[in-house]
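Q: Taken in sequence, the protein lines are chains V and Y. Residue numbering for the first sequence follows the numbering used here, beginning at 36 and increasing consecutively. Residue numbering for the second sequence follows the numbering used here, beginning at 36 and increasing consecutively.
Each hint should be verified, as a subset may be incorrect.
Pairs involving identical chains hold if they fit within one copy or between any two copies, as the list cannot separate such chains.
[To be verified] Below, a list of computed lysine to any residue pairs in the SDA-like style, where the Cα atoms sit at most 25 Å apart:
hint, residue 1, residue 2
1, Lys207, Gly388
2, Lys198, Glu331
3, Lys198, His132
4, Lys207, Asp120
5, Lys198, Glu377
6, Lys198, Asp120
7, Lys207, His83
8, Lys207, Val218
Just so you know, these hints were derived from the structure itself, not from any lab. Source: prediction; values computed, not measured.
Spelled out from the first residue to the last, the chains are:
There are 2 protein chains.
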Amino acid sequence: MMPRSERLTSIGHDDIDDIARGAAVLGAGGGGDPYLGSLIAKHAIDVHGPVQLVAPEDVPDDALVLPVAIMGAPTVIVERPPAGDELARAVEALSGHLGRPVTHIAFFEAGGLNSMTPIQTAAETGLPLIDADGMGRAFPELQMVTFSLEGISASPMVLADDKGNVVLLQAKDNVWAERLARVATVEMGCSAPIALYPHSGAQTKAAQVPHTLSLTRDIGRLLRGARAEHRDPAAVLADAFDGRVLLRGKVVDVSRRTSGGFVRGSARIEGHESHSGSALELDFQNENLVARLDGELVATVPDLICVLDADTGEPITTEALRYGFRVSVIGLPCDARWRTDEGLALVGPRYFGYDVDYSPLERGQDDASG
Amino acid sequence: MMPRSERLTSIGHDDIDDIARGAAVLGAGGGGDPYLGSLIAKHAIDVHGPVQLVAPEDVPDDALVLPVAIMGAPTVIVERPPAGDELARAVEALSGHLGRPVTHIAFFEAGGLNSMTPIQTAAETGLPLIDADGMGRAFPELQMVTFSLEGISASPMVLADDKGNVVLLQAKDNVWAERLARVATVEMGCSAPIALYPHSGAQTKAAQVPHTLSLTRDIGRLLRGARAEHRDPAAVLADAFDGRVLLRGKVVDVSRRTSGGFVRGSARIEGHESHSGSALELDFQNENLVARLDGELVATVPDLICVLDADTGEPITTEALRYGFRVSVIGLPCDARWRTDEGLALVGPRYFGYDVDYSPLERGQDDASG
């Protein structure tokens with residue numbers, strides 16, 4: 036997916052709501068609802084002024100780029116966004132370790148709450164922010180970034196919590212970075228600000244999914260427009276970004292538990308109107324992973340499976356999903372990099388324990404939207 | 036307890052067995068059996084030459100002193116002593132972080148396997164070693180050192196495992212250092228080489244328990260001598276170091292489990308000979324913590340409670356204790372610092388969950404040795 040209109044060059048207070056709504060869509064159910072984070076980002080902009088947004092192609096090759104995020108279970112991180120100086124401390128700790136100043140803040144994950152974290156960090160540190168991220172969506176584990184595909188190490192990586200603890204990891208590989216950061220995050224209270232995958236401007240151009248912040252703004256705008264014009268938000272979104280409406284219906288069952296820093300569970304949605312008689316089973320681990328319509332696989336990770344409120348188009352995260360919600364489930368295509376063999380090894384359905392091959396959304400059955 | 040003879044000035048291959056045996060006594064049942072570690076220390080000395088041992092009073096005030104150890108459950112660390120370059124990597128990582136070279140290696144814990152870890156590290160790095168430690172025995176948690184009493188921070192602290200992972204902690208306080216290091220250790224496989232509490236030579240003089248390596252050598256020699264002369268090793272040891280024989284008898288019950296990086300459990304020892312009709316209950320968490328004789332408290336942490344093979348005087352660790360062993364249980368006085376209010380807050384019986392006040396070993400009932 037690419038932005039549809041002119042790109043953002045700065046982020047002001049009034050851009051935040053559209054970005055947050057678009058980021059919630061890219062969250063594919065995960066990444067945490069950006070709402071509280073959006074309040075903090077607005078406050079940071081109010082205090083420090085608008086954030087300068089730089090296109091990845093305009094970043095100097097010798098820049099020192101640092102993606103930042105919050106790690107943890109969405110059920111927890113949405114209630115504990117970083118309210119102190121922990122993000123700035125994480126950036127400072129990594130600058131100190133590397134022995135040179137970070138020049139640009141980047142998005143680790145454009146989907147969910149972590150769309151807001153780098154905006155807040157850029158505002159607080161006064162550093163420019165890059166309009167790009169490492170996922171083009173949200174994923175539950177920290178090795179699941181395009182940076183990994185380009186051979187960039189997650190390490191040195193910093194976790195900095197609100198109590199004043201700083202953990203610096205130099206992990207053997209990105210999977211070990213995930214393991215060690217996860218246990219530290221759980222001990223810190225199931226959420227922790229992180230700064231990781233430090234890399235050069237040259238690597239930004241090769242490794243990042245470009246212009247995803249502009250994309251979130253466009254998605255947010257579209258949903259806002261659809262609502263104002265009383266158009267079907269799910270159809271508008273699917274049309275605009277080569278996606279498909281998978282089912283419209285009512286949530287009839289949700290099971291969910293939080294363990295080891297993850298939210299895992301499943302939901303059942305029974306179709307209504309033109310989808311009467313059909314049912315969609317949705318599995319998630321922080322993010323929506325696999326959708327089966329009447330037992331047939333219709334969408335799998337890494338494509339985006341998003342649940343929207345049927346009327347307002349508001350994205351619904353996996354931790355907010357409730358019995359009785361009337362929803363539209365849509366599929367949106369992921370970044371092309373995730374569809375390569377290397378990409379699928381990192382984030383395909385088999386990694387998550389499903390004994391199915393990935394099949395691109397577009398090759399599924401005909402659009403079920405009616 | 037203080038050494039009884041001239042102090043060591045270097046550690047050669049032939050010193051290791053006495054030191055290891057003495058360190059097992061100071062381990063008070065914990066700290067892990069030094070046997071495998073002693074083989075590695077001997078090998079390091081064979082390859083790199085004897086280790087220079089410096090008395091704490093002779094360390095220059097501006098020295099950068101770094102204690103090293105292995106963290107983890109004794110049941111695991113005795114099977115996984117550091118066989119690669121992980122200790123040297125930990126020292127190097129901390130030097131790099133501090134921006135200046137470590138000048139002296141120190142003992143974190145003279146009791147148990149961690150008597151061997153710094154010898155190996157000093158041999159491998161070529162750095163001098165200080166004849167002192169932070170406990171004068173072994174304790175299960177990393178804030179339980181005299182360094183804490185002097186306000187020295189455990190941070191910056193490094194964990195370096197055999198897989199190539201390095202974790203650098205800048206914890207808010209020493210209890211947080213323990214919490215974060217513990218979860219990282221468990222994730223690394225329940226054992227991890229650590230380097231922590233970096234401090235100056237001036238601080239070494241104020242904070243360390245002096246001459247404990249010479250003490251371990253003396254204890255080891257005494258036990259070896261007692262065996263050669265067919266004297267009772269428990270009585271020899273108690274006499275030499277103001278301790279008491281608490282019971283001679285047979286182990287009739289042991290329960291033990293390993294969880295969260297600790298070995299916890301209890302043992303029952305029924306008296307024989309002059310102690311016939313008495314029974315001693317022993318509780319441990321890595322180390323022996325509390326001894327009750329016929330229901331009466333006779334010794335508690337921080338004093339040392341040591342279980343020795345009745346005939347050979349070989350110290351028996353909590354993970355090696357078995358039904359049927361004939362043993363002598365002795366109490367030895369801890370360093371005076373542990374008997375202050377600050378010391379007891381850190382390592383007294385109440386910290387370990389026992390609703391009893393500490394009573395110095397010497398104030399207990401009359402010596403039960405007969």
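Q: Now look at each hint and say whether the structure bears it out.
A: The hints, checked one at a time:
Proximity of Lys207 to Gly388 under the C-alpha cut-off of 25 Å is restricted to the intra-copy arrangement: shortest distance 24 Å within a copy versus 38 Å between copies. Neither within a single protomer nor between protomers do Lys198 and Glu331 lie at most 25 Å apart by alpha-carbon distance, with minima of 48 Å and 42 Å respectively. Taking the closest pair of Cα atoms, Lys198 and His132 come within 25 Å of each other both inside a single copy (20 Å) and across two copies (22 Å). In the homo-oligomer, the alpha carbons of Lys207 and Asp120 lie at most 25 Å apart only across protomers (14 Å), although the nearest pairing inside one protomer, at 29 Å, exceeds that limit.
Taking the shortest Cα distances, Lys198 and Glu377 sit within 25 Å of each other only across copies (24 Å), while inside one copy they are farther apart (38 Å). In this assembly of identical chains, Lys198 and Asp120 lie within 25 Å of each other by CA distance solely inside one copy; the values are 10 Å within and 33 Å between copies. Taking the closest pair of Cα atoms, Lys207 and His83 never come within 25 Å of each other, the shortest separation being 38 Å inside a single copy and 28 Å across copies. Proximity of Lys207 to Val218 under the C-alpha cut-off of 25 Å is found in both arrangements, the shortest distances being 16 Å within a copy and 17 Å between copies.
Hints 2 and 7, counting from the list given before, are not met by this structure.
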